[in-house]
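There are 2 protein chains.
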Amino acid sequence: MDNKKIRFVLVETSSGGNIGAAARAMKTMGLSDLALVNPCEFRTYECYSRASGAAELLDDALVCDSLEVAIADCSLVIGTSARLRTLSWPQIEPHEFEQSFSAAGADAKIAVVFGRERSGLTNSELALCSQLVVIPSVEGFSSLNIAAAVQVLAYEVRRISLRAGAQPVSAPEKTPPGELPAVHEELEHMYKHLESTMVNTGYLDPDNPRMMMPRFRRLFNRAGMNRSEVQLIRGLLASLQKAANRIKAGS
Amino acid sequence: MDNKKIRFVLVETSSGGNIGAAARAMKTMGLSDLALVNPCEFRTYECYSRASGAAELLDDALVCDSLEVAIADCSLVIGTSARLRTLSWPQIEPHEFEQSFSAAGADAKIAVVFGRERSGLTNSELALCSQLVVIPSVEGFSSLNIAAAVQVLAYEVRRISLRAGAQPVSAPEKTPPGELPAVHEELEHMYKHLESTMVNTGYLDPDNPRMMMPRFRRLFNRAGMNRSEVQLIRGLLASLQKAANRIKAGS
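Top line first, the protein sequences correspond to chains Y and B.
According to the numbering used here, the first sequence is numbered sequentially starting from 27.
According to the numbering used here, the second sequence is numbered sequentially starting from 27.
To be clear, the hints were calculated from the coordinates, so they are not data collected in a lab.
Hints are not guaranteed to be accurate.
Identical chains share a label here; the pair holds if one copy fits it or two copies do between them.
What the hints assert, rightly or not - Computed cross-link-like contacts, EDC-like style, restricted to lysine to aspartate or glutamate with a CA-CA straight-line distance of at most 20 Å:
| no. | residue 1 | residue 2 |
| --- | --- | --- |
| 1 | Lys30 | Glu165 |
| 2 | Lys268 | Glu143 |
| 3 | Lys31 | Glu94 |
| 4 | Lys30 | Glu221 |
| 5 | Lys268 | Glu211 |
| 6 | Lys268 | Asp28 |
| 7 | Lys218 | Asp86 |
| 8 | Lys135 | Glu67 |
| 9 | Lys268 | Asp99 |
| 10 | Lys218 | Glu72 |
| 11 | Lys31 | Asp133 |
| 12 | Lys31 | Glu72 |
| 13 | Lys268 | Glu221 |
| 14 | Lys30 | Asp233 |
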């Protein structure tokens, strides 16, 4: 596996020390792609000191102001969570990364997303993730330090690389373009299209959305859509939109 | 496995913050037996702050002035090391703990020993260890923060406990009816409904179906739909059907 395909995204981390420690944890395991969404002022002495020899990860970090931007080019987005949520999300344990990664395809860019120190990821951030990875901590004291969580997940990524490197490497099969995994941005356009269509036909009441969009997201995320499937759905929506417009024009 | 049988021993740790973070890392994974050999002055604000809710591990820590004392009641002593030493020691990786632990016997008290932040364990300390565990970091940047190393090894201990406890503990949670997997018949009705809607809107030309239905089937099959999702899709289709009927009525 190519470690350059794995991005670790830290959302609104509030301690520069934690960001530095996370960078160090990544580097020990051969990871270098770090994105920071609305971080605290992090280029501090404490941060570089905890980063030890991993300063270049901090210097090269992608700093952005929304999770959407940080994952725009990613086709698999895995959120981290300390606990089970009521809305049952596809959940994996860290040692199951390998299956998720291979299912995403050899060319997939993958994001692993870490939430705020105190409050984790919001529901709308979780909605951008197709899977949750849960580190199997004990009940009653489940909250790992964020850099510690980064270390555990980076370690599991490293173990995949080592296993992959142990096998004879053969050229991976070339994926046809339509079969390439859809990237985050394409999916978001599809969801917007779906939402507006459903509002048009009256199926979705914007004042009472009844979790419809999250349920569609969960379904399609679970499938892991490729580009031609996104086009298939969007073509269908366009044909419905046209029908709806004809109604309006006729009425 | 009884986690009380596992002691983590930190030798001459020079930062109270690291000791606190190590305590937190242990507690998240259900470990509580901490020994400190010649530690720095560690009962500091920084230490308790990094320990978060794991203060009792610090309060109860066995503090002693030699590694011999810390491991006196242990029958298996595993040292941690960042790199391969010239002196070839029996080496394992963290995920191989289970074999070592079982070989030691069910009653064995086990110590995992962590060296100094900068210089690790001395040769005479290593001589007290019967095995070395090596976290598979990258060459050239192999030094994990000590609390991060504690987190990774505690995580692997936790995974052994979970595998051991994986036997039926309590009745599995009842799946809500809507979350039950959809049965074949329900899916077939949904596909028929989808097909007729697409024909109605003109998206699917019955004379030139272009593999549309097989592609939808492949997508939804991959997701593995549950009943409430089938209803979600069928509700959407019904709302479109209504729209289409209104067109017909109006034309």
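**Message:** With identical chains, the pair Lys268 and Glu143 could be close in the same copy or across copies; at 20 Å between alpha carbons, which is it: within, between, both, or neither?
**Reply:** neither (47 Å within a copy, 48 Å between copies)
**Prompt:** When no copy is specified for Lys218 and Glu72, does a C-alpha distance of 20 Å or less occur within a copy, between copies, both, or neither?
**Reply:** neither (42 Å within a copy, 47 Å between copies)
**Prompt:** Between copies, within a copy, both or neither: which fits Lys31 and Glu72 at Cα up to 20 Å?
**Reply:** neither (29 Å within a copy, 36 Å between copies)
**Request:** Please work out whether the CA atoms of Lys268 and Asp28 approach to 20 Å or closer within one copy, between two copies, in both situations, or in neither?
**Result:** Result: close neither inside a copy nor across copies, 44 Å intra and 50 Å inter.
**Prompt:** Are the CA atoms of Lys30 and Glu221 at most 20 Å apart within a copy, between copies, both, or neither?
**Reply:** neither (34 Å within a copy, 42 Å between copies)
**Asked** Using 20 Å as the alpha-carbon threshold, which applies to Lys30 and Asp233: within, between, both, or neither?
**Response** Result: close neither inside a copy nor across copies, 43 Å intra and 47 Å inter.
**Message:** If the cut is 20 Å between Cα atoms, do Lys268 and Asp99 qualify within a copy, between copies, both or neither?
**Reply:** neither (30 Å within a copy, 38 Å between copies)
**Request:** Up to 20 Å between alpha-carbons, please classify Lys218 paired with Asp86: within, between, both or neither.
**Result:** neither (32 Å within a copy, 52 Å between copies)
**Asked** Quick one: Lys268 to Glu221, C-alpha cut-off 20 Å, is that within a copy, between copies, both, or neither?
**Response** The answer is both: 15 Å in one copy and 18 Å across copies each meet 20 Å.
**Request:** Can you give me the call for Lys31 and Asp133, within, between, both or neither, at a CA distance of at most 20 Å?
**Result:** within (8 Å within a copy, 45 Å between copies)
**Item:** Homo-oligomer pair classification [Glu94, Lys31; C-alpha up to 20 Å]
**Value:** Intra 17 Å, inter 46 Å, cutoff 20 Å: intra-copy only.
**Asked** Between copies, within a copy, both or neither: which fits Lys135 and Glu67 at Cα up to 20 Å?
**Response** neither (28 Å within a copy, 45 Å between copies)
Violated hints for the displayed structure, listed by number in ascending order: 2, 4, 5, 6, 7, 8, 9, 10, 12, 14.
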